[in-house]
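Following the hints, put chain B in place on chain A, whose structure we already have.
Take a look at the letters that make up each chain.
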Amino acid sequence: MDIFSAQNISKQFSLHKALDQVSIAIPEGSIFGLLGPNGAGKTTFIRIINQIIAPDEGKLFYNGRELQPNDIYNIGYLPEERGLYKKMTVGEQAMYLAQLKGLSKQEAHRRLIYWFEKFEMKSWWNKKVEELSKGMQQKVQFLITIIHEPKLLIFDEPFSGFDPINASMLKDEIIAQKDKGATVIFSTHNMASVEELCDHIALINNARVVLDGPVRDIKKTYKTNTFEVAFNSFNGRLESILPSAFRIIKEWNDHELRLANIQIPADTTPNNLISALLPVVTIHSFIELIPSMNDIFIRVVTEKKSEPVLL
Amino acid sequence: MHKIFLIIKREYLTRVRKKSFLVMTILGPLMMAAIVIVPIFLATRGNELKTVAVIDQTGVFFEKFKDTDNIKFHYLVSDIAAAKSSFRKSGDYALLFIPKTEVSIPTNAILYGESNVSINIISYIRNVMTKQVEDMKLEAKLRDLQTDKKNPLNVEDILRSVKTTIDVNTIKITDEGKEEKSYTEISMVLGMFAGILIYFFIFMFGSQVMRGVIEEKTNRIIEVIISSVKPFELMMGKIVGVGMVGLTQFLLWVVLTFGIVTVVTSTFVGKGTSKHTAEQTILQNAAKYNPDNLPLASAAPEKKSQNEGVNAVFEALDSVNFPVMIGAFIFFFIFGYLMYGSLFAAIGGAVDSEADTQQFMLPITVPLILSMVMAQFFIMDPSGQVAFWFSVFPLTSPVAMMIRIPFGVPYWQVALSMGMLVLTFLGTTWMAAKIYRTGILMYGKKISYKELWKWLRY
Numbered sequence: 214m215d216i217f218s219a220q221n222i223s224k225q226f227s228l229h230k231a232l233d234q235v236s237i238a239i240p241e242g243s244i245f246g247l248l249g250p251n252g253a254g255k256t257t258f259i260r261i262i263n264q265i266i267a268p269d270e271g272k273l274f275y276n277g278r279e280l281q282p283n284d285i286y287n288i289g290y291l292p293e294e295r296g297l298y299k300k301m302t303v304g305e306q307a308m309y310l311a312q313l314k315g316l317s318k319q320e321a322h323r324r325l326i327y328w329f330e331k332f333e334m335k336s337w338w339n340k341k342v343e344e345l346s347k348g349m350q351q352k353v354q355f356l357i358t359i360i361h362e363p364k365l366l367i368f369d370e371p372f373s374g375f376d377p378i379n380a381s382m383l384k385d386e387i388i389a390q391k392d393k394g395a396t397v398i399f400s401t402h403n404m405a406s407v408e409e410l411c412d413h414i415a416l417i418n419n420a421r422v423v424l425d426g427p428v429r430d431i432k433k434t435y436k437t438n439t440f441e442v443a444f445n446s447f448n449g450r451l452e453s454i455l456p457s458a459f460r461i462i463k464e465w466n467d468h469e470l471r472l473a474n475i476q477i478p479a480d481t482t483p484n485n486l487i488s489a490l491l492p493v494v495t496i497h498s499f500i501e502l503i504p505s506m507n508d509i510f511i512r513v514v515t516e517k518k519s520e521p522v523l524l
Numbered sequence: 275m276h277k278i279f280l281i282i283k284r285e286y287l288t289r290v291r292k293k294s295f296l297v298m299t300i301l302g303p304l305m306m307a308a309i310v311i312v313p314i315f316l317a318t319r320g321n322e323l324k325t326v327a328v329i330d331q332t333g334v335f336f337e338k339f340k341d342t343d344n345i346k347f348h349y350l351v352s353d354i355a356a357a358k359s360s361f362r363k364s365g366d367y368a369l370l371f372i373p374k375t376e377v378s379i380p381t382n383a384i385l386y387g388e389s390n391v392s393i394n395i396i397s398y399i400r401n402v403m404t405k406q407v408e409d410m411k412l413e414a415k416l417r418d419l420q421t422d423k424k425n426p427l428n429v430e431d432i433l434r435s436v437k438t439t440i441d442v443n444t445i446k447i448t449d450e451g452k453e454e455k456s457y458t459e460i461s462m463v464l465g466m467f468a469g470i471l472i473y474f475f476i477f478m479f480g481s482q483v484m485r486g487v488i489e490e491k492t493n494r495i496i497e498v499i500i501s502s503v504k505p506f507e508l509m510m511g512k513i514v515g516v517g518m519v520g521l522t523q524f525l526l527w528v529v530l531t532f533g534i535v536t537v538v539t540s541t542f543v544g545k546g547t548s549k550h551t552a553e554q555t556i557l558q559n560a561a562k563y564n565p566d567n568l569p570l571a572s573a574a575p576e577k578k579s580q581n582e583g584v585n586a587v588f589e590a591l592d593s594v595n596f597p598v599m600i601g602a603f604i605f606f607f608i609f610g611y612l613m614y615g616s617l618f619a620a621i622g623g624a625v626d627s628e629a630d631t632q633q634f635m636l637p638i639t640v641p642l643i644l645s646m647v648m649a650q651f652f653i654m655d656p657s658g659q660v661a662f663w664f665s666v667f668p669l670t671s672p673v674a675m676m677i678r679i680p681f682g683v684p685y686w687q688v689a690l691s692m693g694m695l696v697l698t699f700l701g702t703t704w705m706a707a708k709i710y711r712t713g714i715l716m717y718g719k720k721i722s723y724k725e726l727w728k729w730l731r732y
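Residue numbers (my numbering), protein chains in the order written: chain A, 214 to 524; chain B, 275 to 732.
Just so you know, these hints were derived from the structure itself, not from any lab. Be aware that a few hints might be false.
[What the hints assert, rightly or not] Examples of chain A residues lying across from chain B (beta carbon under 7 Å, computed): (1) Tyr298; (2) Gly304; (3) Gln312.
We put the CB at the ideal spot given by N, CA and C, even for glycine.
This is chain A alone, in the form it adopts within the complex (with noise of 0.2 Å):
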């Protein structure tokens, strides 16, 4: 069951095309990452999803049935342009977004009592925002983003500025939302974190979907049945061990190790691989070379941006 998907969601900003036929499923009760280089068309995908602006084409549903104006209470989106009113006390302005959320006061209050006792934050109430670190200011942030339990939740690059500690945390508190049955779509550049968290992928470049899938799924595509071996140094070449059809990448020495990339063809298994190794040498590791989101990544972009791109 997809919670929410788009259908050719198209875009135009004066003579810019921000968004060109962008069709994206997100099942539900997955952690969704949209990712694509700058300018792709991420952060207008997201503001269409919040009705912040109506996309020129398209339809949009939510739950099966078209999206409508109050489905915003059942999504939580922190932007990555986000703030506070520096003025203002935390807990007013936690108080005051809390109810644009559609909170009556009597439970946004309870909720975020609730949260800043479990956030060790209480102390903050009646401080004005200025005062607080920026990773305090953060935290604050994340709680009015989930305070009206979404069942959608949107972040846009949330851990950029984040430091190493309240990142981790912010990651913990994203899939105990995950847990507790939310649905996280997030867009970032972050390949790491995206290899850590997201089931789910959509990859975004010069306004389109180039890739779109389960992770796994993605990874298996992309895998170029390349092993990395380590053996014991032997007097010999290599190549002259291995069937022909099996292509070294790369050789090299790490101490007393031999190790080597090895691609073996699709019609052969690993099994065969070791093998041809097993007479010869003694074999210390052997694991499949899985490509990492992050080369993906790379591998997409840069192909599609040798095509001919019309403006």
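Chain B in isolation, oriented as in the chain A frame:
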């Protein structure tokens, strides 16, 4: 609807709780009270002896004007034309002329003076005349009662029939011997004052809207908010919230100024004995001169007549039709402010920082400043062509109309001006909403007029 209320509440409370609001609320009335009190206070304090020549054609008031510490009366028996021509040489401070009346009770007097006759002399004369006429009426009434015993003695009836209003018209005799009715002076001061005040309020609160929008942009909180509310709601909430701060400030100023003036005057200025306020008198005078006009002609309220201890300074204030003035001020402030406020909000939305506002501020501030620059023309000729067009053109009408209103403006002109203003407010709001909506999500881009035009058509 609930959310726009939350926004209005936040905008209102954060500003009203500021120290600067408190300071302005206290300083404003102190300044205004000082402007009102000091000159009148000085005038009433003048202890130099002033002589007033009296020509009493009725004979009723002979020897009735008793000399006081600083007013000396002497009676002339010459005719008024001769007295007027020799007035400047006589060294008298003022010349009181009570013309002969057809019916037996005189209620009119004209006071000639070289400059403005000080208010306590006018009120003294009025008090004496009122008392004298009322005494005469009461005497006659009592005689009637004695002869006609059948009528029951009804004190209230008697008092009502005895109550008298005396008109003291002041006329200035200038160097050339010409005469000017000097009661327009209070209109002049009042018009100028109201014009400056509305100019100041629109500018101050309009630019507060702009700064508020820029603040939200630079704080980067704007996107968080517009993910829960529509940009239009946020913009209108801010404009309305700030406007209500302006109204609160204005009403506090009115109340506090009246308070201060009342307290100060009742403490320092001796209490008069008049039963009649100058308000009624001047309103009636005005009604005679421009019967079709607003607003001085509109109904002289009787409500103040029970006010026994009205003193000279307070009388001066009372001579103003405050309900109409305040009502007009509030209307022109609200709509003038809403119109300018939406333009200011659009500018705030389009730029990244206050430094970038200059080029867009100019076309907005020029009409406002121009209406202030032209103020003296409106005062010199309040019903002339210049004043008319400025008070109809919406960008200048709030200031121009406020300057004109104390002089009396025909109803249709006021209605036209109000209508134009409301229509323009709707237009500017529509325009501002479009610019605002696009602008608030733009960062780090220098915006040109061409760009703004493009946003309008999105």
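Outcome of the hint check:
| no. | hint | in the structure |
| --- | --- | --- |
| 1 | Tyr298 | 6 Å, holds |
| 2 | Gly304 | 13 Å, violated |
| 3 | Gln312 | 5 Å, holds |
Checked against the numbered hints given earlier, this structure breaks only hint 2.
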